[in-house]
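K.L.:
Single-letter residue listing:
There are 2 protein chains.
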Amino acid sequence: MRIAYGLALGQGRVTLEALEGLRERLLEAQQWLEEEGARGEVGFMDLPLQDPSPVLQVAREVRNLYDHFVLIGIGGSSLGAQTLFDALRGPSYNRHSHPTFHILDNVDPVKVEKTMSEVKIEATCFCVVSKSGSTAESMANFLVALGLLQRAVGREEARKRIVFITDPHRGTLRELAREEGYRSLDIPSNVGGRFSVLSPVGLFPAAVLGIDVKRLLEGASRALEACKRQDSVTHNPAWLIAGLHYLYQTLEHRGISVMMAYHERLSTFVDWYRQLWAESLGKDGKGQTPVKAIGAVDQHSQIQLYNEGPRDKVITFLQVENFALDHEIPHLYPHKPALAYLGRHRLGELLKRELIGTASALAKRGVPSITITLPKIDEACMGALFMVYEMATALSGYLYGINPFDQPGVEEGKQLTYGLMGREGYQDKGYEAQKIWEKSIKASLIV
Amino acid sequence: MRIAYGLALGQGRVTLEALEGLRERLLEAQQWLEEEGARGEVGFMDLPLQDPSPVLQVAREVRNLYDHFVLIGIGGSSLGAQTLFDALRGPSYNRHSHPTFHILDNVDPVKVEKTMSEVKIEATCFCVVSKSGSTAESMANFLVALGLLQRAVGREEARKRIVFITDPHRGTLRELAREEGYRSLDIPSNVGGRFSVLSPVGLFPAAVLGIDVKRLLEGASRALEACKRQDSVTHNPAWLIAGLHYLYQTLEHRGISVMMAYHERLSTFVDWYRQLWAESLGKDGKGQTPVKAIGAVDQHSQIQLYNEGPRDKVITFLQVENFALDHEIPHLYPHKPALAYLGRHRLGELLKRELIGTASALAKRGVPSITITLPKIDEACMGALFMVYEMATALSGYLYGINPFDQPGVEEGKQLTYGLMGREGYQDKGYEAQKIWEKSIKASLIV
Numbered sequence: 000m001r002i003a004y005g006l007a008l009g010q011g012r013v014t015l016e017a018l019e020g021l022r023e024r025l026l027e028a029q030q031w032l033e034e035e036g037a038r039g040e041v042g043f044m045d046l047p048l049q050d051p052s053p054v055l056q057v058a059r060e061v062r063n064l065y066d067h068f069v070l071i072g073i074g075g076s077s078l079g080a081q082t083l084f085d086a087l088r089g090p091s092y093n094r095h096s097h098p099t100f101h102i103l104d105n106v107d108p109v110k111v112e113k114t115m116s117e118v119k120i121e122a123t124c125f126c127v128v129s130k131s132g133s134t135a136e137s138m139a140n141f142l143v144a145l146g147l148l149q150r151a152v153g154r155e156e157a158r159k160r161i162v163f164i165t166d167p168h169r170g171t172l173r174e175l176a177r178e179e180g181y182r183s184l185d186i187p188s189n190v191g192g193r194f195s196v197l198s199p200v201g202l203f204p205a206a207v208l209g210i211d212v213k214r215l216l217e218g219a220s221r222a223l224e225a226c227k228r229q230d231s232v233t234h235n236p237a238w239l240i241a242g243l244h245y246l247y248q249t250l251e252h253r254g255i256s257v258m259m260a261y262h263e264r265l266s267t268f269v270d271w272y273r274q275l276w277a278e279s280l281g282k283d284g285k286g287q288t289p290v291k292a293i294g295a296v297d298q299h300s301q302i303q304l305y306n307e308g309p310r311d312k313v314i315t316f317l318q319v320e321n322f323a324l325d326h327e328i329p330h331l332y333p334h335k336p337a338l339a340y341l342g343r344h345r346l347g348e349l350l351k352r353e354l355i356g357t358a359s360a361l362a363k364r365g366v367p368s369i370t371i372t373l374p375k376i377d378e379a380c381m382g383a384l385f386m387v388y389e390m391a392t393a394l395s396g397y398l399y400g401i402n403p404f405d406q407p408g409v410e411e412g413k414q415l416t417y418g419l420m421g422r423e424g425y426q427d428k429g430y431e432a433q434k435i436w437e438k439s440i441k442a443s444l445i446v
Numbered sequence: 000m001r002i003a004y005g006l007a008l009g010q011g012r013v014t015l016e017a018l019e020g021l022r023e024r025l026l027e028a029q030q031w032l033e034e035e036g037a038r039g040e041v042g043f044m045d046l047p048l049q050d051p052s053p054v055l056q057v058a059r060e061v062r063n064l065y066d067h068f069v070l071i072g073i074g075g076s077s078l079g080a081q082t083l084f085d086a087l088r089g090p091s092y093n094r095h096s097h098p099t100f101h102i103l104d105n106v107d108p109v110k111v112e113k114t115m116s117e118v119k120i121e122a123t124c125f126c127v128v129s130k131s132g133s134t135a136e137s138m139a140n141f142l143v144a145l146g147l148l149q150r151a152v153g154r155e156e157a158r159k160r161i162v163f164i165t166d167p168h169r170g171t172l173r174e175l176a177r178e179e180g181y182r183s184l185d186i187p188s189n190v191g192g193r194f195s196v197l198s199p200v201g202l203f204p205a206a207v208l209g210i211d212v213k214r215l216l217e218g219a220s221r222a223l224e225a226c227k228r229q230d231s232v233t234h235n236p237a238w239l240i241a242g243l244h245y246l247y248q249t250l251e252h253r254g255i256s257v258m259m260a261y262h263e264r265l266s267t268f269v270d271w272y273r274q275l276w277a278e279s280l281g282k283d284g285k286g287q288t289p290v291k292a293i294g295a296v297d298q299h300s301q302i303q304l305y306n307e308g309p310r311d312k313v314i315t316f317l318q319v320e321n322f323a324l325d326h327e328i329p330h331l332y333p334h335k336p337a338l339a340y341l342g343r344h345r346l347g348e349l350l351k352r353e354l355i356g357t358a359s360a361l362a363k364r365g366v367p368s369i370t371i372t373l374p375k376i377d378e379a380c381m382g383a384l385f386m387v388y389e390m391a392t393a394l395s396g397y398l399y400g401i402n403p404f405d406q407p408g409v410e411e412g413k414q415l416t417y418g419l420m421g422r423e424g425y426q427d428k429g430y431e432a433q434k435i436w437e438k439s440i441k442a443s444l445i446v
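Note that the protein sequences, when read in sequence, are chains A and B. Just so it is clear: in the first sequence, position 125 is 124 by numbering that gives the first Met the number 0, and no numbers are missing. Just so it is clear: in the second sequence, position 55 is 54 by numbering that gives the first Met the number 0, and no numbers are missing.
Don't read these hints as lab results, they were simulated from the structure. Accuracy of the hints is not assured; some may be wrong.
Not close to chain B: a few residues of chain A, all C-beta gaps over 12 Å, as computed [what the hints assert, rightly or not]:
{"id": "1", "residue": "Gln49"}
{"id": "2", "residue": "Pro51"}
{"id": "3", "residue": "Gln56"}
{"id": "4", "residue": "Val61"}
{"id": "5", "residue": "His67"}
{"id": "6", "residue": "Gly72"}
{"id": "7", "residue": "Asp104"}
{"id": "8", "residue": "Met138"}
{"id": "9", "residue": "Glu155"}
{"id": "10", "residue": "His168"}
{"id": "11", "residue": "Pro187"}
{"id": "12", "residue": "Asn189"}
{"id": "13", "residue": "Arg228"}
{"id": "14", "residue": "Arg264"}
{"id": "15", "residue": "Gly400"}
Now the stretches of chain B that chain A is said to cover, found in silico as 3 or more residues with beta-carbon under 8 Å [said to hold, decoys possible]:
{"id": "16", "region": "118-128"}
{"id": "17", "region": "160-169"}
{"id": "18", "region": "306-312"}
{"id": "19", "region": "321-328"}
{"id": "20", "region": "349-361"}
For every residue, glycine included, the Cβ atom is placed at its ideal position computed from N, Cα and C.
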């Protein structure tokens, strides 16, 4: 498998020489990361070599026993599985296959109702993913699902229809698994949510969907090798991505990283990337804001801004060399110039040329871009893509001098919400949130 | 109907006094906009008073005659309809209702194939929306659809199954309508794509879906009145939105406008906003980058960055007072602190308190936000919301000293793509794009 990438450098300070000049820093970053891995502090690089049999075994049972599979998780606990589903299965899967696949990643009651109405509760396996075992949204949806199951099949049978994926030692879900015998799979303690797609968090739902998890891990494994190359910055995809973004951020103050996918099946990969990049690198006043875009759609929405707005962006285009199928555009109006030129081309060809046209127009204006081309969308390519971006993100943390593996900035909002929900021990936080909220200026418009 | 809004001002220079200090500029902007309207240059403010009968009549026929309805359009030609469908109908609509509703807003062959496989071609009405009548993606999909129809039902019958929505006087679709008798509806010449949701561009698909377009226009009409109030900046929703964003941009260099919807049904409204804000205001080196977020999901993805990253954002929260339905969280584990506090609350309550918790945590760190609360999601509220944001965007253009109604920055990419596709007269553009593309640095990773 060959992943190709192209750079349309802008006209600024970020030259190929500047990039190669980062080699020593990247080498240091790589050594730091490998040491963290060797000390057991950072676990995502070990995942390609894990033994997936426990995951495969539980998945086999689920495939045999249930008509529906509902994943309850949010953020890093659901985005990996959603990315794999959308890339490798897609929206028509549920019409032809079983168990049907659903994700509850929010407590929006309308969404929860919709999901619950699409499944027969008694024939559904619910998988609850939370490393801490205390994520409010996932715990709420777990309780709703458990309540429905208990009403439908009784307490004993309800418990059998639930699988936890959680920390091997700690947290409420782990306690419940021990005390009440819920089935469970482990998230390694040294793997955080946003780096967990290649752990059971992503592998188990993938296996339930019949996705070849061994090929996924193989792709990741080979990409990891490539991310250890030290001969040139442009030969190491993680160095290239980390290095370029770092230079554009520090030398040209490009604080926005747009990822624009020219294939709808990669749409959710961009959401996965958004979380990885934002939560890992957005701290200490630093961090680029990741922005999602879809080609060609957002040419008609965002490209005006990218071309003529502030010079604050670096773009990553994602494309796929081979579409699984294609349509020829019929040559029906040869005398109409706005239609004639399209005739006898294929849709996939138009889409690819739109990317080149857009990237070239941006380059003419000095807006830099990287283009990553996957040969096709399959297990190995997705595994490789995940690993390349995880490595690039971890190395970027070192370049910026921040810890890419924590997320201290989400704690405050959680505690204020606990307080507002009346959780014991958080009363003061509840008062505080209420005070801030009441101090805010209120107005209303009657229409 | 009452739309409420709250401001959690940050700790910076943007005070309520600074906002009221903009009153004169906003008044000027308002006068400029009204003059443009009176001169016939800007038409979106006239849309609430249009007669929707032509739209309703064609929609009635479509509802009677066809099992499926496919909208072909991209950007401003599809986002309004998609927003209305997602807000007022939603994903389960197609399982119970007819005609089923589909949007082809991209030339991704996998998406096109999926849509075409979901409909019976001979029982499908295709609606092609393009003001210019030359948008490459929509013309390509039009040709594909026409080819399929001609094969299924012959040339004569194929033409009857197509409705154009286009400029009343110009462009290829208008020519075809005149020459070959295709049915058509008009986009007023003085209404651009991103301001067109309340023209037939949005109203016709809405009417096909059985959405009450008169109530939509009534909501817009009442919002327009509110946007003319001059007593206080905070009493005029368009002034408030335009004024606050302008001050945060110019006084505090907040170049990113996040819109975070705490209701999945408003998810596509955020995409609609993204286009409106980016394409209207992103020019002359100016313009905020709009960013889409969904609550509570993105609390577990983007909030770390918003809280602890660069101070470059202003947030707009969107919420809904009343959910169409709700779920109580059962009180199943009273002895587990991470579960007990959730019991007996409703999911919608949790979601709302998460918004307050998140907004309060952001306010504590000096990240400013506006919260817009709709009483519920219905036709009148959606009409009002569209109009408020269109007014705010138009006024913002005046504040920044730019024309909010053009999009010169998308032309170059279009021409380069024409060249690459071999369109007559664009050969040089094709060579140019190829040269830029070939000059870009290429590498590949073999995994």
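K.L.:
When the structure is checked against the list of hints, which entries are broken? Sort them ascending.
P.N.:
Numbers 6, 7, 8, 13, 14, 16 and 17, in rising order.
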